[in-house]
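Using the sequences and the hints given, assemble the complete structure.
Residues per chain are reported as follows:
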Amino acid sequence: MASLLADAFAVEIGAKEPWPDNVSLYQPFEVGQILLPDFAACLGVKTYLSMCGLNYELVFKKNAEHMSPSGKVPFMHIGPFLISEFDPIVAFVNTKGFHLSSHLEETERGEMRAYMSLVDNVLLNAELYLSWCQEDVVTEVSRPRYGSVYPWPLNKVLSWKKYYEERRRLKAMGWAQKTLEEVCEEVKTCCQALSEKLDKNLYFFGDNPSELDALVYGHLYTLLTTVLPVSRFAEIIQEFDNLSQFVSRIDSKYHSKDLQH
Amino acid sequence: MESVRAKEPPTTTPKQQPQKLKPVHRMLLGFTGKEDRNIFNQIPAHVNKVHVDGLEHTKHDIVIKQVKDVLEAQSIGEICVRAHTAQSKLRKLDIFKDIQFFIDTSKGKQSGTNDYEVIFEVEERRLGGGIHGEVGTNDGAVRTAFKFLNLFGRAENVNMEYSYGTKMTSGSLMFSKPLFENPDILFRTGGYQHHGEYPWSGYRTIDRGLLADIQFPSRLGSHTLSCEGVWRELGCMNRTTAFAVREQAGHSLKYALKHVFARDHRDNNILPNKGTLFTCTQELAGVDDKVLGFVKHNMEFQAFKQLPLSTVFQLSLGGGIMKPLQSGTEVSIQDHFFLGGPLTLRGFNINAVGPSSDGNALGANAYWLGGLHLYTPLPFRIGKGGFDDHFRTHMFVNAGSLGNVNFDSNMKEDLQRLAETYRLSYGLGIVVRIGGLARLELNYCVPAQVRQGDSSNVGLQFGIGVTFS
Numbered sequence: 001m002a003s004l005l006a007d008a009f010a011v012e013i014g015a016k017e018p019w020p021d022n023v024s025l026y027q028p029f030e031v032g033q034i035l036l037p038d039f040a041a042c043l044g045v046k047t048y049l050s051m052c053g054l055n056y057e058l059v060f061k062k063n064a065e066h067m068s069p070s071g072k073v074p075f076m077h078i079g080p081f082l083i084s085e086f087d088p089i090v091a092f093v094n095t096k097g098f099h100l101s102s103h104l105e106e107t108e109r110g111e112m113r114a115y116m117s118l119v120d121n122v123l124l125n126a127e128l129y130l131s132w133c134q135e136d137v138v139t140e141v142s143r144p145r146y147g148s149v150y151p152w153p154l155n156k157v158l159s160w161k162k163y164y165e166e167r168r169r170l171k172a173m174g175w176a177q178k179t180l181e182e183v184c185e186e187v188k189t190c191c192q193a194l195s196e197k198l199d200k201n202l203y204f205f206g207d208n209p210s211e212l213d214a215l216v217y218g219h220l221y222t223l224l225t226t227v228l229p230v231s232r233f234a235e236i237i238q239e240f241d242n243l244s245q246f247v248s249r250i251d252s253k254y255h256s257k258d259l260q261h
Numbered sequence: 001m002e003s004v005r006a007k008e009p010p011t012t013t014p015k016q017q018p019q020k021l022k023p024v025h026r027m028l029l030g031f032t033g034k035e036d037r038n039i040f041n042q043i044p045a046h047v048n049k050v051h052v053d054g055l056e057h058t059k060h061d062i063v064i065k066q067v068k069d070v071l072e073a074q075s076i077g078e079i080c081v082r083a084h085t086a087q088s089k090l091r092k093l094d095i096f097k098d099i100q101f102f103i104d105t106s107k108g109k110q111s112g113t114n115d116y117e118v119i120f121e122v123e124e125r126r127l128g129g130g131i132h133g134e135v136g137t138n139d140g141a142v143r144t145a146f147k148f149l150n151l152f153g154r155a156e157n158v159n160m161e162y163s164y165g166t167k168m169t170s171g172s173l174m175f176s177k178p179l180f181e182n183p184d185i186l187f188r189t190g191g192y193q194h195h196g197e198y199p200w201s202g203y204r205t206i207d208r209g210l211l212a213d214i215q216f217p218s219r220l221g222s223h224t225l226s227c228e229g230v231w232r233e234l235g236c237m238n239r240t241t242a243f244a245v246r247e248q249a250g251h252s253l254k255y256a257l258k259h260v261f262a263r264d265h266r267d268n269n270i271l272p273n274k275g276t277l278f279t280c281t282q283e284l285a286g287v288d289d290k291v292l293g294f295v296k297h298n299m300e301f302q303a304f305k306q307l308p309l310s311t312v313f314q315l316s317l318g319g320g321i322m323k324p325l326q327s328g329t330e331v332s333i334q335d336h337f338f339l340g341g342p343l344t345l346r347g348f349n350i351n352a353v354g355p356s357s358d359g360n361a362l363g364a365n366a367y368w369l370g371g372l373h374l375y376t377p378l379p380f381r382i383g384k385g386g387f388d389d390h391f392r393t394h395m396f397v398n399a400g401s402l403g404n405v406n407f408d409s410n411m412k413e414d415l416q417r418l419a420e421t422y423r424l425s426y427g428l429g430i431v432v433r434i435g436g437l438a439r440l441e442l443n444y445c446v447p448a449q450v451r452q453g454d455s456s457n458v459g460l461q462f463g464i465g466v467t468f469s
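Sequence lines, in order, name chains A and B. The first sequence maps to residues 1 to 261 in this note's numbering. The second sequence maps to residues 1 to 469 in this note's numbering.
Read the hints as simulated data drawn from the structure, not as lab findings. Where hints are given, some of them may not hold.
[Said to hold, decoys possible] Calculated cross-link-like contacts (lysine-lysine; reagent style DSSO-like; alpha-carbon spacing at most 30 Å):
| no. | chain 1 | residue 1 | chain 2 | residue 2 |
| --- | --- | --- | --- | --- |
| 1 | B | Lys-323 | B | Lys-258 |
| 2 | B | Lys-89 | B | Lys-68 |
| 3 | B | Lys-254 | A | Lys-156 |
| 4 | A | Lys-72 | B | Lys-89 |
| 5 | B | Lys-290 | A | Lys-72 |
| 6 | A | Lys-72 | A | Lys-162 |
| 7 | A | Lys-61 | B | Lys-290 |
Dropping the structure here:
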């Protein structure tokens with residue numbers, strides 16, 4: 001009799017606990033392999049999960065990019081599901097019942113989507129431009145890092161292959177033809193918009209963090225702290241005080257505790 | 001027209017119409033009953049001269065080496081046999097469109113009554129190729145080949161091939177050359193690209209490689225030594241691929257030294273009646289940055305015996321084991337052994353035996369396989385003539401096992417477990433030989449012993465392929 005009750009109890013608890021214990025987040029090696037845009041994407045997702053208070057295990061794999069169902073990192077392995085990239089992960093977390101932006105109204109949510117779209121179109125592409133269209137960065141940082149996990153001759157072959165692929169994509173989007181000045185202008189405009197939206201608030205939408213905060217933090221932190229032969233973007237961001245303070249605030253709140261690694 | 005004289009005649013011989021021995025006579029002399037052969041072997045003969053007509057581009061030394069044994073003949077029968085051997089050696093070089101030989105009495109002042117000369121007439125070719133069908137296990141392909149032959153005069157060939165099939169697409173460019181002017185010793189080098197799909201494990205690969213190998217015969221059988229470097233790219237076939245396979249997606253490099261020994265004394269390679277087959281493969285491979293990655297052994301043995309009433313009995317045995325040489329070497333799923341199939345371990349789906357995850361077979365590093373077959377002719381006649389010869393009914397028992405053996409700890413227990421967790425199936429069916437190209441089997445199988453994780457096929461199973469056990 002007692003065991004029947006215990007079983008029923010366990011089943012109830014199980015149903016109410018939608019976030020399992022063995023969730024893993026896969027990304028490339030941080031020390032020697034990962035590149036600027038991937039680092040920003042991974043950091044955005046990690047910050048978002050920390051903001052939601054969700055546990056996960058961080059797994060470093062040199063072939064994370066190829067393991068991912070969409071070809072992009074980071075990707076999350078939760079039960080039988082594989083979800084990759086920021087937006088799908090946010091949507092999946094929402095279905096599990098965890099919301100960061102539930103307190104927002106419809107118009108604000110629409111605004112948030114617009115800003116996230118702006119960040120994706122400008123900051124992400126700027127990072128890709130910096131990694132693959134600036135010759136200094138390409139030869140000193142991007143290609144060596146990308147090939148560092150493979151033996152010769154794969155390290156050369158694969159890094160050149162990735163170089164051509166990324167350049168072709170940027171060309172199709174119209175970014176490869178821009179000069180560094182033009183890209184800096186775009187970054188500046190984007191930061192201006194973000195800075196105006198943030199104003200003197202703690203977070204972009206009031207006193208509680210949202211997806212936009214996680215995404216922006218990921219990109220800005222990466223651009224500010226990564227040492228590259230070309231550091232123009234860091235200088236641009238530092239012109240906006242409230243953005244720099246925003247970055248250090250989120251850093252100290254969600255990442256100085258070093259929760260997961 | 002160039003010609004090669006293997007032995008200088010005492011005087012110049014005027015060109016005459018040689019008395020040609022018809023091909024049917026050649027065959028009769030060599031290949032009919034023992035009594036005939038003995039008669040022709042007793043007639044003494046001596047070959048004065050061997051003459052090869054039709055050489056333009058081919059260098060003489062390589063041709064001389066193939067035909068010079070004809071000079072040693074001591075009797076008529078021996079001349080025919082040696083000439084026939086020389087003809088097949090020349091044919092093996094693959095640079096002649098047509099090779100014919102004629103035996104003529106030797107004319108000349110110093111020729112005796114027993115002196116003969118042998119004349120080979122060859123037609124060179126510089127280009128070759130064709131379109132062929134190929135059969136793998138339950139998949140087929142069309143292969144288009146284009147060859148540049150005899151590049152520098154000593155049977156250096158360049159072979160370009162493209163295959164398009166149901167589970168694979170591949171292209172290769174190979175350069176081959178007989179070494180020491182011996183067509184049996186063949187050196188090959190080249191590159192290839194191979195796209196393959198492996199639906200039983202849920203992945204597809206693109207392999208790009210360079211390889212060089214030497215094939216040579218020995219008293220026991222033929223050996224092939226090869227070294228190869230492959231860039232392998234593994235990708236998942238769809239979203240439902242098991243995570244254990246997904247973890248191996250990406251690029252890797254494998255370089256391998258391989259030795260293959262083969263001894264095929266069966267009288268037919270699709271439906272043998274008698275003979276034995278023994279093949280043995282050893283591979284020493286390095287993966288990525290581990291130069292000594294793993295060592296792999298594989299052996300296969302088949303024996304056929306003809307029994308009364310036109311029945312044939314077959315015994316097959318096979319086994320393989322793989323050992324990582326450095327701890328922490330990750331052996332890719334592409335190097336694992338797989339077991340199961342309509343022609344090997346019947347009653348189980350292709351490669352679906354052994355460790356699996358989410359419906360995808362993972363393979364393992366050790367296996368063994370055995371089979372006993374009894375072939376009988378069909379109980380009824382179908383068509384006329386030798387058509388029935390291509391059909392057999394067979395009853396079989398297959399057993400085997402596939403599992404991982406951990407060499408660091410409890411190796412003995414793992415090997416014991418491999419023997420104990422055997423899979424067993426038996427049944428009967430029809431075997432069809434398709435023109436020397438493939439073997440088709442339609443069997444009714446009863447998998448008697450199935451283990452967890454295996455995917456079995458009870459009842460009718462259809463299989464077509466070339467390798468079987």
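Status of each hint after checking the structure:
For the given pair, Lys-323(B) sits about 15 Å from Lys-258(B) by alpha-carbon distance, which is consistent with the 30 Å threshold. About 11 Å separates the Cα atoms of Lys-89(B) and Lys-68(B), which keeps this hinted pair within 30 Å; it holds. Among the hinted pairs, Lys-254(B) with Lys-156(A) is consistent with the structure: their alpha-carbon atoms are about 16 Å apart, no more than 30 Å. A threshold of 30 Å between alpha carbons decides the hint, and for Lys-72(A) with Lys-89(B) the separation of about 57 Å lies outside it, so the pair is violated.
At roughly 28 Å between alpha-carbon atoms, Lys-290(B) and Lys-72(A) fall within 30 Å of each other, so this suggested pair holds. The suggested pairing of Lys-72(A) with Lys-162(A) holds, with an alpha-carbon distance near 13 Å, which does not exceed 30 Å. Restraint check for Lys-61(A) and Lys-290(B): the C-alpha separation of about 18 Å stays at or below 30 Å, so the hint holds.
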